[in-house]
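Student: Chain by chain, the residues:
Protein chains: 2
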Amino acid sequence: MRIIIDAFGGDNAPLAVLQGSRRAKDELGVDIVLSGDETRIREAAQQAGIQISDMEILHAPEVFDIHAQPTTILKEGKNTSMAVGLQALRDGKGDAIVCAGSTGGLVAGATFINKRIKGIKRPALAPILPTKKGPLMLMDAGANIDCRADMIVQFAIMGSVYMEKVKGIKNPRVGLLNVGAEETKGRELELQAYELLQKAPINFCGNIEAREMPEGNFDVVVSDGFSGNIALKLYEGMGAFMRDNIGDMFSGAGKISALLIYPRIKALRKRMDYKEHGGAVLMGISAPVIKAHGSSDGKAFFNAIRQARDCVEGGIISTISAHLETMKGV
Amino acid sequence: MRIIIDAFGGDNAPLAVLQGSRRAKDELGVDIVLSGDETRIREAAQQAGIQISDMEILHAPEVFDIHAQPTTILKEGKNTSMAVGLQALRDGKGDAIVCAGSTGGLVAGATFINKRIKGIKRPALAPILPTKKGPLMLMDAGANIDCRADMIVQFAIMGSVYMEKVKGIKNPRVGLLNVGAEETKGRELELQAYELLQKAPINFCGNIEAREMPEGNFDVVVSDGFSGNIALKLYEGMGAFMRDNIGDMFSGAGKISALLIYPRIKALRKRMDYKEHGGAVLMGISAPVIKAHGSSDGKAFFNAIRQARDCVEGGIISTISAHLETMKGV
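Sequence order for the protein chains is A and B.
Counting along the first sequence from 1, when you hit position 11 you're at 10 in numbering that gives the first Met the number 0, and nothing is skipped either side.
Counting along the second sequence from 1, when you hit position 246 you're at 245 in numbering that gives the first Met the number 0, and nothing is skipped either side.
Calculated from the structure, these hints are not laboratory results.
No farther apart than 27 angstroms at their CA atoms in a straight line, the calculated lysine-lysine pairs in the DSS-like style are these:
hint, chain 1, residue 1, chain 2, residue 2
1, B, Lys117, B, Lys77
2, B, Lys184, A, Lys77
3, A, Lys254, B, Lys131
4, B, Lys254, A, Lys265
5, B, Lys274, A, Lys131
6, A, Lys254, B, Lys269
7, B, Lys24, B, Lys298
8, B, Lys166, B, Lys131
9, B, Lys254, A, Lys269
10, B, Lys132, B, Lys164
11, B, Lys265, A, Lys269
12, A, Lys265, B, Lys131
13, A, Lys117, A, Lys198
14, B, Lys92, B, Lys77
15, B, Lys265, A, Lys131
16, B, Lys184, A, Lys114
17, B, Lys265, A, Lys254
18, B, Lys198, B, Lys166
19, B, Lys269, B, Lys166
20, B, Lys198, B, Lys169
21, B, Lys132, B, Lys166
22, A, Lys169, A, Lys132
Taking the hints into account, I'd like the entire structure generated from these sequences.
Tutor: Shown next as structure tokens:
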């Protein structure tokens, strides 16, 4: 299996990318294809003492600017490491791609260069969030700020396939993000989506209020991309707030206290750390596309590559296609 | 000053209401008017040994059901403790009201029984959230699931008045909840609201991503009621998640560790506890209406009554009216 990685995406590129790639090659046995400026990649690897002779490099002289208009990836940005990586994926030079660069650029690039799965109306950004009990897939977390109800149903199908095939959760519980539990709650969008979700070939468990997300009683939460983005970012923000507060509590004179329960603090940090979960999947594209967090370090890239491998091994693209075929008859 | 309190709103009514009222009468010197079944109120007070002979009771034989259709408060529910309280407020028998009952019922009742401030298009639910630095007012947190841009501008004005008059914050910083910081971000609603907010007589500081809310760099965050509700509930849910995690960390063998930093744990709990901040204000109604949390205990009711007093003392209704007058010329 070959995983393509944008070597110049994210705040810590290319060093963190190289660290994660090295570990992935060694521990997961996947082949690594790095896209980016070859000279700069080789220099960075040499400086850090990272062996990359067993990795392929696809030369791409430019880097896609994080502030650039997303659709410029198609023309002005076609020689960037992100675009070259996506083109290579399209041309069969890899089975999946990992990128920590501009989310907008990646969504636009993947949609137009790699195309959507046949029948999928819109791709959705699907991060994995920690909860009290297990991982939760939220989608759409921001690829489409305006959504129709039929798109939300497709998100639910794609999310269910992912949680089953990649996370091994049988019959994943799907919830619709809403302002109340009753089926009469919400805007016209939620009312329509509720009705369609009930008929879809998924385990739809009704509306979920944002308050319940951390409880872990749902495996997939679907919403329009605006609401989902608010939820994702508050999840991240409150997680950081929590880590800071715990840090403050144990600073200075609290250090002795921290030593006593160090394993627990460590376990909690690990549970709340997005780096453990890889990245967000851009679901609905014809090949697995993993959007790693912009601040990813070597460990986060390693986990994102593992996630890409799991998507390929789980055959999520073909399973999604098969589900869509089934739905045609409904 | 006379504060009306729905004696039968919330999970812990009437006991918690009576506890909070007693403390408010003693410590704040406000007059208390309890609305609800007189016999049940007197029985509950006697059983708990709470002196209420210096409080007025407005007899209301029924209780508004939390699952009832909000607008039924106007006809079928007109003899409930909530409706009788709102009617008394309208008739000048009190200066403000505190209620922990159905949010929908309270919004509908206050809108039609007490009316909006002249010129205000929609009332908004405005809870106070804890942040790293100070209190943050979020509005609308769910009174209107669909909003227009001009409503959001009015929310911003009302929130600014509250934070200045009640919390003493000069020139409150207002942010528009959005999916990115740039002014080109968001749906049509946010694009329009951004433009109008720039021209409004407030200290508009641009878009705020949900991630930044806990940072405390904004005093007022405005949004439509659907997005605001998602943000509010996730804020609450993550706060509870955090309290549970901290609890787990210090359970069993962690107890010794907890003892060492007990004052810090206590301070953090206090900071994160919504009970400290009173309730959500239903802004835009012609008199202060405080929606206390459904699970309010005596302390939460006390704080909500204090908040009602602060709204009356701060003259927020007349200040909002004056601001709206100024805007007419713009």
